[in-house]
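The whole structure should be built from the sequences, with the hints applied where relevant.
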Amino acid sequence: MNKRESLYLRYASNDLIKNKGVNTALIVILVLSAFLMATGAMVMERLIGSVDQLFDEAQPPHFLQMHKGDYDPDALERFAAEHPEIDAWLVEEMLGFDGAAIAWDRPETDESGDLADSLIDNLFVTQNREFDFLIDESGAIPEPSRGEVYVPVAYKQQFELRAGDELQVKTDSGTLDLRVEGFVRDSQMASSLSSATRFLISEDDFEELERSGGGAPEIIVEYLLTDAALIPDFQRAYESDESLPKNGQAVTYQMIRIINAFSDGLVAVALVFLSLLLIAIALLNARFVIRGKLEDEVREIGAMKAIGLPDKSIARLYLAKYSVMTLLACIVGGLLAVVATNLLTRGVQVNYAEAPVGAATVLVPVIGLALVYLFVIAICRRVLGRVRKIQVVNAMVHGSTLSDRQTARRAKRQARRVRRSGLASFRGRSVNGRLALLDIRADARQWILIPVVFFLVAVLITLPMNLLSTFESPRFVTYMGAPESDIRADLQFSEHVDRLRTEVLSDMREDDRLTDVRAFSNLLYEIEGEEGLETLRVEVGDYSGDTVEYLRGEPPESGQIALSVLNADKYGVSTGEEITVSLGGEATPVVVSGVYQDVTSGGHTAKMQGEVATDAAGYVIYADTVDGTDAAAVADDYGERFPAAAVIPMREYVQQTLSYVTGAFLSAAVLSLIFGIGVAVLITSLFLKLRLTSERRKMGTMSAIGFSTGEIITQVRLKTLVAVAVGTLAGVVFAATAGESLVGAFISLAGLGIADLSFIPNPLLVYAAYPLILIAAGYLGAVTLTAGLRGADKSSWLRG
Amino acid sequence: MTQADHVTLESRDLTKTYYSTDPPTQVLNGIDLSVREGEFLVVMGASGSGKSTLLYSVSGMDRPTGGSVLLEGRDLTSLSDKEASRVRLTTMGFVFQQAFFLNNLNIRDNILLPALKAAPKEKDAAIARVDALLERFGIAHVKQHGITQVSGGQLQRASICRALACEPSVLFADEPTGALNSSMSAEVMDALTDVHRAGTTVVMVTHDPACAARGDRVIYLRDGLLVDTRELGTWSEDEAGRREDDLFAWLRKKGF
Ligand SMILES: Nc1ncnc2c1ncn2[C@@H]1O[C@H](COP(=O)(O)OP(=O)(O)OP(=O)(O)O)[C@@H](O)[C@H]1O
Ligand SMILES: [Mg+2]
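For the record, the sequence lines run as chains G and C.
Per my numbering, the first sequence runs over residues 1 to 800.
Per my numbering, the second sequence runs over residues 1001 to 1256.
One thing to keep in mind: the hints can contain errors.
[Claimed, not checked] Label-pair restraints from in silico Cβ distances:
id	chain 1	residue 1	chain 2	residue 2	range
1	C	Lys1121	G	Asp443	23 to 33 Å
2	G	Thr693	C	Phe1256	58 to 68 Å
3	G	Asp443	C	Arg1012	48 to 58 Å
4	C	Arg1012	G	Thr784	35 to 45 Å
5	G	Lys412	C	Asp1228	50 to 60 Å
6	C	His1141	G	Lys412	34 to 44 Å
7	C	Lys1253	G	Lys412	48 to 58 Å
8	C	Lys1121	G	Leu772	53 to 63 Å
9	C	Glu1083	G	Ser758	34 to 44 Å
10	G	Ile17	C	Lys1121	50 to 60 Å
11	G	Ile17	C	Thr1025	17 to 27 Å
By construction, these hints were calculated from the structure, which means they are not laboratory data.
Built from N, CA and C at the ideal position, the CB exists for glycine as well.
And the structure:
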């Protein structure tokens, strides 16, 4: 080690020890940003890795179509023969059971229960031969023997099931007893978005289940193509062929992927955003600290310059210290991130697959950390560039970092200000308040840090919460293409669905707990698309007095059609234009009456006025409860009376449908609240720590004049409160105005079918509680920090 | 003169130890001091002997470790910080070696601050009083200036104005001329003498025998103990040279 290097090192380590408090706080900020950056990067990498791994093992289909009821197997054969791009295809038969029909017990401990709490479809299947495998926890493709069942891995956590537990499926003719052999991962239905999940059983048991009755038969037609790029064309071809089964959802490979990545990926994205924000804050801070430090040490710097040390060496001296700190922070943050990532991705690893560890696993977070390091160092360099401008005389005599010109300019500015400041002219009693305000105005360049940080934090904590409350609000259904109502009954296709509709509808209409009962039918129309006929899902019903929010136009009247945003875009039509749709070969021209947003059925829906009571692909009935009636109780009642109908309160429906998004938003909201408040307190404390150090003289002076320590503390707290409140309020206002369009743009990019989002905030929480909590947090930082001033020997403030 | 014998400020067995260092620094080791009303008392002693600490402890800025301080018979050490601050505001004034000012206020506002704080309702009276002070100490023409826009002498006179803004009964000055050249020094000493003549009790720390010669009495501190006192009697211009020589000889004996 040469002499110069050892000088740098000695300088850095001396300084670190001397200014413990300030340096610790700065390191904490740096560690936090490194930690978040690395965690965000790693979670993303792990998540993608896990999904990839599962896809490798399970080979999900490129295109799949769900269907209930009869279908024509010959049509499928013919279609397959006509399409050489099909690599493989299969029809998976499934038997759906309600969660309440599946019970479990554990012989050793006599514990037992059922899966009634699960609101999604439980489908029993056998293992596929060629692709779309269900994968067990070791990554193998299990083949259950008779009497064995593999349970979806999500239920392992949700119901705490274990291998060896007994599972009883209630059929129309007794129960089928199965033993839990293991758990399976499902590439199609792994994400929490999925409305169904698959149980794997043997062929024999499947046949027995089928014979016993009680299950709802359903099929998935699945295709594996030679090239994933052919999916859109293939989907179009499938949908335009009338003879093929298609009264359920159609899903493509891309959608499976996006959905899988989206539910947990959103958290990763939120983490990365969060860390970017923190890095911004950390950099602001680094700048502030380094500048403050330079001002503290100008005399030393002047002396160094006077003895002929070149500017570069002086700058390097300081840089050495910040490099050491940042490097340290990156290492610590990176290590913490490894731990955090393991915790955060545990769920992902269980539901999907153990992601393989590769070069990217290491590289991604390291690149993230390198970026943090470079950012911080670049900022330091910029600030240290000022060393060149420091003038020896100014530095040594006046302790100023400024050049003559700057000094003159600053003096002028100050003179102008003090001329006007006017203690003499102020009205009001509070000298302390007046002094605090004067100070904050005069030192605005320093104090600005606090409002900026609180602005960012306020935005950071408000936005996810607003999103969450919006997506959780019952009114949000208007975004989903559904009217605002209290109860929703979903009658999916079955042989007797028409009769079921009549019964439910007449019961509901006679029920005096319910009002405003409206029935809608799902019809599969055909429409001329870019390449031939395509299926158009149309909800037919009475739209007079419709509460769905229309982006443009109005609800359809007879002879009119309303389209979802995505459909309007797809067919390039706007309100007032005419399109032709056909049902059963009969073409009807209809005028587009309006455009609404919809998140159901992939966002591709339409609405027409009318009443169709037969031959629909399914029905939905909405009803309002009269005041004082519990929607949940009514729904339960109907659910019992009509087991084939899914009757649930609207609020629950929204929650279920959007649980994957709200879950992610909830995590984001909680995470950002915790981190945001933590950072706010940290920065406030760090700032005040520095500020109090450089204001010692001022405090000593005031004390000598006759201000009590209590009053001096009050002034500091008042200044903090003002700065914190200004930043917070600005942040809340921004989040409520510009933030909405910002998030709206982000959401519409996500292709959920929402083109225009307006928040449905929880005003008390977001616009009252949150700002108050944030302001209180900042104030608390000030209180803690200033409390130490009490009991100090005030003469020490004057001794410098 | 019975009035001269009236004790305004008194310390009894005053001790001060700073615990912020390791080991703790014992600075004052039991100081008994009586300051008579209207007296000009000068405190001298080697650097580090505890002069500044004495001023801070007596004025209540620092809490003494032991002993008591009586101002007009009232024990200041038993007061709360708030009460002690009020006493400092209304009955004491401070002048330091460096002019400690609030740099966000102009000269006049800095001086006005204690007056306004003491009686916010009597603003007009305070302003009138401050303007009179500015006039009296010859700095009225720079009252709107920022604190970096005046000379050191002017600034120190402004310090004296501020110290007098609440018409205190005691004025403390800690090396008020320590940072000034001799002509500015004389300006400031003239001002202090003026204050003293007007009836204010002055307690001044100084290293400069010429300045010290202005006092009525000089006390000498060594290692936190009051080791000697010298009565000089009332100062007059004509006797200045003799008083200085006399004082210098006394100080030489103390090892000054
Ligand atoms: N806050 C403090 N903590 C610890 N020690 C202190 C503190 N303040 C002063 N001292 C010590 O107390 C001693 C007396 O200091 P003081 O300032 O009273 O001396 P002084 O007589 O005024 O000296 P000078 O003539 O240099 O101003 C010194 O040794 C000093 O180091
Ligand atoms: Mg001193």
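Indices of hints not satisfied (ascending): As far as the earlier hints go, 2, 3, 6, 8, 9 are violated by this structure, in ascending order.
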